[in-house]
Every structure is written in structure tokens, then in C-alpha cells.
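Protein chains: 6
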Amino acid sequence: MKVQVSRKAHFNAAHRLYRKDWDDAKNKAVFGKCSNPNFHGHNYDLIVSVTGEIDQETGFVMDMKVLKDIIKKEIEDEFDHKNLNTEVPEFKDLNPTAENIVVVIYNKLRSRIPSHLDIEVTLYETARNFVAYSG
Amino acid sequence: MKVQVSRKAHFNAAHRLYRKDWDDAKNKAVFGKCSNPNFHGHNYDLIVSVTGEIDQETGFVMDMKVLKDIIKKEIEDEFDHKNLNTEVPEFKDLNPTAENIVVVIYNKLRSRIPSHLDIEVTLYETARNFVAYSG
Amino acid sequence: MKVQVSRKAHFNAAHRLYRKDWDDAKNKAVFGKCSNPNFHGHNYDLIVSVTGEIDQETGFVMDMKVLKDIIKKEIEDEFDHKNLNTEVPEFKDLNPTAENIVVVIYNKLRSRIPSHLDIEVTLYETARNFVAYSG
Amino acid sequence: MKVQVSRKAHFNAAHRLYRKDWDDAKNKAVFGKCSNPNFHGHNYDLIVSVTGEIDQETGFVMDMKVLKDIIKKEIEDEFDHKNLNTEVPEFKDLNPTAENIVVVIYNKLRSRIPSHLDIEVTLYETARNFVAYSG
Amino acid sequence: MKVQVSRKAHFNAAHRLYRKDWDDAKNKAVFGKCSNPNFHGHNYDLIVSVTGEIDQETGFVMDMKVLKDIIKKEIEDEFDHKNLNTEVPEFKDLNPTAENIVVVIYNKLRSRIPSHLDIEVTLYETARNFVAYSG
Amino acid sequence: MKVQVSRKAHFNAAHRLYRKDWDDAKNKAVFGKCSNPNFHGHNYDLIVSVTGEIDQETGFVMDMKVLKDIIKKEIEDEFDHKNLNTEVPEFKDLNPTAENIVVVIYNKLRSRIPSHLDIEVTLYETARNFVAYSG
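Chains as they are written, first to last, in the working numbering: chain A, 2 to 136; chain B, 2 to 136; chain C, 2 to 136; chain D, 2 to 136; chain E, 2 to 136; chain F, 2 to 136.
Extracted from the complex, chain A is given alone in its bound form (with noise of 0.2 Å):
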């Protein structure tokens, strides 16, 4: 009887979509101007499922006030008003594309909610763009 629960979250952030293996000009080709060298932003939105039986003590898959703190500690005090590609240690050699920001949230929430219980984050980008990864 596993039931899912859910508690969304945002942070606010800037990036580019960059490699610094290559150059401006082949970075401008493939990832167009969301490769700007200056810079652009987004609110991301986010969402952490956490699934798992219904503890028969408090009738809770997990507490969400719990759950929201890890968010908060782990992702929020972490990404939110920073530069993901010079602030964000996991981004300094990584491109921050929505796909590698959700694996990389992912991968913190994964080491810090107990191992029993399964994983799914959603990261929205843009209202129009958005990904999830579920390990």
C-alpha cells in the first residue's frame, strides 16, 4: 500500500547553458541565447515525490515538515539567488542544462531521505519547459 507525496519548492537563479571546453562562438551555435556570456534567469520550480507505506503510528509516508527542511537546507539555501555556473560547485564542470540541475538535485535529496523509500523530482524551468528524473 505505497502512497506518493509531494511538496513543491523554488528557487531563483541565474545560468547559461555553457561547456567550458569550448568556445563562446560553439557554444553560441548549439545552445543558441540561452548561451548569453552575461547571463539569464529563471524561477525554477520544483517538486520532491517521496514514496513509501503509510507509517501506521502517524499515518505519514514521511513528514512533510521534515521533508521540507531537507529541501530547504540541501537545494534551496544552495541554488537559490546564485549563479548555478560559478557559484554551484556541482556545475562547475558540469553543463546546467534542466536535465543535469534535476539529476544533480536528485542526487543530494537521494543521500539525505531514507534509502526505503523511493525518489522522483520535478524541476520546472520555465511554465513551458520542465523534467524529471527518478533515479
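For the record, the hints were derived by calculation from the structure and aren't laboratory data. Just so you know, these numbers come straight off a predicted model, no measurement behind them. A couple of the hints might just be wrong.
Identical chains share a label here; the pair holds if one copy fits it or two copies do between them.
[What the hints assert, rightly or not] No farther apart than 27 Å at their CA atoms in a straight line, the calculated lysine-lysine pairs in the DSSO-like style are these:
hint	residue 1	residue 2
1	9	29
2	29	93
3	93	34
4	3	73
5	73	93
6	9	74
7	21	66
For this one, chain A is given, so just place chains B, C, D, E and F on it according to the hints.
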């Protein structure tokens, strides 16, 4: 060639997170302000998803008018403008967490929707907290 | 050159439409299921809009962090996860209709926001019913 | 390490639920007001989700600009501001229920998106009724 | 102490932008694809806002159940699942642009809502295009 | 008989709250994390509302296709995927607060929209913070 069809509904209800076999102090220690003895409430949004083959005669997996009526009779008429703890029999001895509510809703609908159709129920307690159950 | 700045907030509360000087039968006749003596509840969404000149030094009409903190202290801390009828003093003798709630919120904020700024408060009781008041 | 990337699109169209081999009376008996011979219409919202490995060179599962262009050419240019029953060849002999429309859209996109990528199509007929198909 | 109360409603309809006194070529030149002779359609979302003093007895500006019923009878029953051009008498000789529709809706409601109350009608033709009229 | 017509648009941009005539320490003291020297960013949503008489020939206050094109040329092409502080000339010496951005957008549009039409611009910096200006 299975298609999933979904219908949204909603109800407004009061509740508190509470176990009868715990005193108020323990309820408060575990459930925090959600256990306020005077109750609080939510606008619950509900999505009922039904998966099956398309009926070649009608082009429907299930007539949405029929599904809408089942949701109204089984869920909205029973839960809307009610106190879940004191007025809905299913929660007489069951803590009305979002997880437990979604399982109760699933079970009530499961008995009314033909068994060759799979169902999933998603329940939004707030815009930021939601749960899903598919049996 | 007046600009209006707006901030969204929310709180979850129980209430019933009810006049103490009417019996339950009359309350039910006038207010229907909204007068259920066991209460129901809502996720209230709140928009506070402040209108004034842009401060030439900061570029702000009002610092949104300051407005956010005022809303939290005056409204969210007082109303969230509460029973409006029994726990919020302003509704001791005032029927907590959306109209009366929005006027109470306006008055609480009006005394905390500098008088050279105009304010308007919009309150969503549900996604389909909402009210606005500007003094 | 498969990631799902999604792109939203939309089109506005007229339709009626209708089988040519039934007379208007039978169409009305089965499909109700949705079978109005003078048509009605919807703002259809569409989500196309593509699942696959992240390309290590670009950091993309699929370039969203490419996906956006495929959706525009295959779906929006063909369906937007059209009468689905009389102007879209796929519905010449197929009742344009949401279920049948989503399968048609899936099939049109399936032939244009590389076969190593899985796809799922979600179609909102209204904010309250939606369908999904993944082959 | 005037408060504005608002109620959302919706209807789905077919239409085309079209003047009978112009031929199809001129209609197309001016109105583009919106003038498709086979019609297209929309999910129209409607907000009806009513402004007045709070009734000291009920705490209401206007009973939302009464407003809901007026909107249903005057607008939803007349417009929903209809072809605005051919089935709604008000558009027999009036081009059903969003602007003209919102004025028609306002006039229909104005005659049913007490004259001491001000009204404003907002009509969403799509999520990106909307109009408002207050007499 | 004036009607207001509105059109939504959006752009994604990087910015920081910053005054050149203050050092980074003072900028940080006043603007907090919004003044991060490495920038952050937003998905800005924009609503442009135009008020005027309905043209009796077309049924339009203003052709939405024309308004859409003006917004694209004047705002989206200039602001989208840009760094507002370093790439948009209007903010060379003007702190890009939401208030200042909305005034800049208003002024750019005011010169392109016929003067017999009133305009109002609403700018969402996030889903929770937004501003409006009407001259």
C-alpha cells in the same frame, strides 16, 4: 492501447491530525499546529485518473459525466463542508492525514468503477503538499 | 508616478458562517452548509497590494521583505491553522464571511503600513470565490 | 540514467462528439450537449514528454527547440483554429473525443521523434478533463 | 466601506470572427485564422465582480450562491457548448470578439443584479488574451 | 463604453539589485541576497492592458496580433535571455527593481501604442511578487 483519463474535483473541509489513543500533548508533539484541537481546514483538490482501453463505439475510456457523478456522490457529497474527524465515518478511528484520506477516497471509488479499469487518485491538501495512490 | 506592488501569502483555517444571536436553524437557513456547526475550512490565499511613489534611493515602493514580515506577523501567525470563529478575537462577535475577513485583514495591516501608502487586500476563499477591499 | 523532458503547447479548435454512422438523435443520446451539430470548442493544452538518456555532449535528452518546432509543425499548424471534425483528416471517420485526439497526436509525433526516445502525450480538453497516452 | 466580491465561471463555445456584411475574403484579411468559416473554439473563463456595502445582517455583499445561480442561468445555460455565431441571438448581427462578448455578458447580468451594486465582468478567451468591462 | 483588453507575455532574464554609486557592502546591506554580484534571475510574466472604445467596424479595442507584435519587438526581443544590468541600456544607471522595470516597460510601450488608448502594465517577478503601473 490504454489511455488514462482524468477528472478534477474539489471539496472544502475541516480537520486536525489526531490520534484518539494519544493525549493532546503527544498529538501536538508529533503533529504540531496541524493538531490544533479547534481544527483548521483546507480546499482539497482531487484528481481521479482512470486507465483502460478506448471503447471503439464511443471513443471513451469512461464517460466523464459518469465519472463526475460518481465522484460527486461518493466523495464531494460525503466530504464537502464537513469536519473530517467528527463527521466522516471512515476517520472515526483513522488519523486524517493526506495519505490516509487519499487511500480512503481510492477505496470508495474502487468499488464503484468497473474493475477492468485501473484507477489512481491524487489529492492536493495545499498547492505545495499533495499525495497520490493507485492501489 | 505611483506604482502598485503586491505580495501573495496564504493561511489555512477552519470556520463556519454563524451569528451567535441566531439559533442553528436560522444560521442554517441563511448560510446553508457553510454554517455546519462542526466547521469546514479553506486554504485562504491573500494578496496585499501597496501603492505609492518609487523611493529614488532604493527603487522600491516598499521593501517586499518588510511587507512579507508584516503579513507574517499580523496575519499568518494569527490566522494560520486556527479556527477563525473560536480562536481569532476579531471574529468573536463578527461572522467570518470572506467580506468580513478581508476588512479585518485590511484594518490589521493598515495600522502597520505607513499612511502615505495606499493598500488593497484581495482574499481568495476558494479558486472560484474571492473578495477585495481598499478602505 | 533516463530523464523525462516535457514541453507544453496549445491550440484552440472547434469539435463535436459525433459518429457519422449514427443519426443526430443517437449522437445526442450518447454524447449529450457535446454532440451539438453546430459545434463547440476548447483551448486544448498539450504536454509532450520525451524520455531518454542525457546526451553527454549537450546535456540534453532532446533539444527543446527541436521538440517545440516538431510540435508546431505536426500539431499546432494542423489543429489550431480548425474544426477538428471537418478540417483535420485524421478525424474524418474518427470521433474526436479527447481519448482519440491524444492517440492521433501521439502517432503523429511518434513518427517524428527518434525511436530510442519514449514519448507520452497529455492533452487537457478543459482544466477539469484531461487524458494521457504513451503508446 | 465597499467590498468587491468575485465569482468565477466558465463555458466552452465555438465561434468565428465574422461580419455578415463583409465577404469571406475581407473577413479573412481583417481577422486572419480567427475567421475560419468552419469555426474554432475556446474554454472561456469568466469572472463576475460585484461591489457594494457589506450587509450587516449576513456579512455578505451578495450571497455567492445567488450570484452563481444568476451566472448559470443567464450565461452558462445560454453560451455553454454552443456556437456563438449561429446559436446565441445576441451575436446574430454582432461580431463575437472577446470585447463584444464581455459587453453582452455585462448587459445580461446588469439587468439581473440589484442596481445599487456595481459590476465588472472579466472574460478570458485564452490564458493569454482577456478583456474586462464595467459599464 | 470603454473595454480593457489584456495580453500576457514573458521573458527570462538575469539581474541584481545594485546601485553603481554604492559599494558592494552597502548594496548587500540594503538589497540582501538580491544584490549577489554574480546575478540571479527570473521568469518575468508580463500583462499589458489597453483600455479604449470598441472599434465598431472590427469589434476590437486593439488588434491583439498588433499588440502581441509590439510587445515582442519592444520588450521580449530586448529583455529575453539578457542580463538586465549589463545588456539593457535603460538599466545602465537605473537599479532593475520590479518597480523600475515596470516603469521602463510602460514607457517603451506608451510610445508605440496610440495615445487615445490608456495602458497599464503588470509585471510578475515571481508568483508571489508583482507590480503594476499605469502612468
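Taking the hints in turn, this is what the structure says about them:
When the C-alpha separation of residue 9 and residue 29 is checked against a cutoff of 27 Å, the pair qualifies only between copies, where the shortest distance is 24 Å, while the shortest distance within a copy is 33 Å. Proximity of residue 29 and residue 93 under a CA criterion of 27 Å is satisfied in both settings, with 19 Å inside one chain copy and 25 Å between copies. For a Cα distance limit of 27 Å, the shortest separation of residue 93 from residue 34 qualifies both inside one copy, at 20 Å, and across copies, at 21 Å. In this homomeric assembly, residue 3 and residue 73 come within 27 Å of each other (Cα to Cα) both inside a single copy, at 25 Å, and across copies, at 26 Å.
Proximity of residue 73 and residue 93 under a CA criterion of 27 Å is satisfied intra-copy only: 22 Å inside one chain copy versus 34 Å between copies. Taking the closest pair of Cα atoms, residue 9 and residue 74 come within 27 Å of each other both inside a single copy (14 Å) and across two copies (23 Å). In the homo-oligomer, the alpha carbons of residue 21 and residue 66 lie at most 27 Å apart only across protomers (22 Å), although the nearest pairing inside one protomer, at 39 Å, exceeds that limit.
The structure meets every hint from the earlier list without exception.
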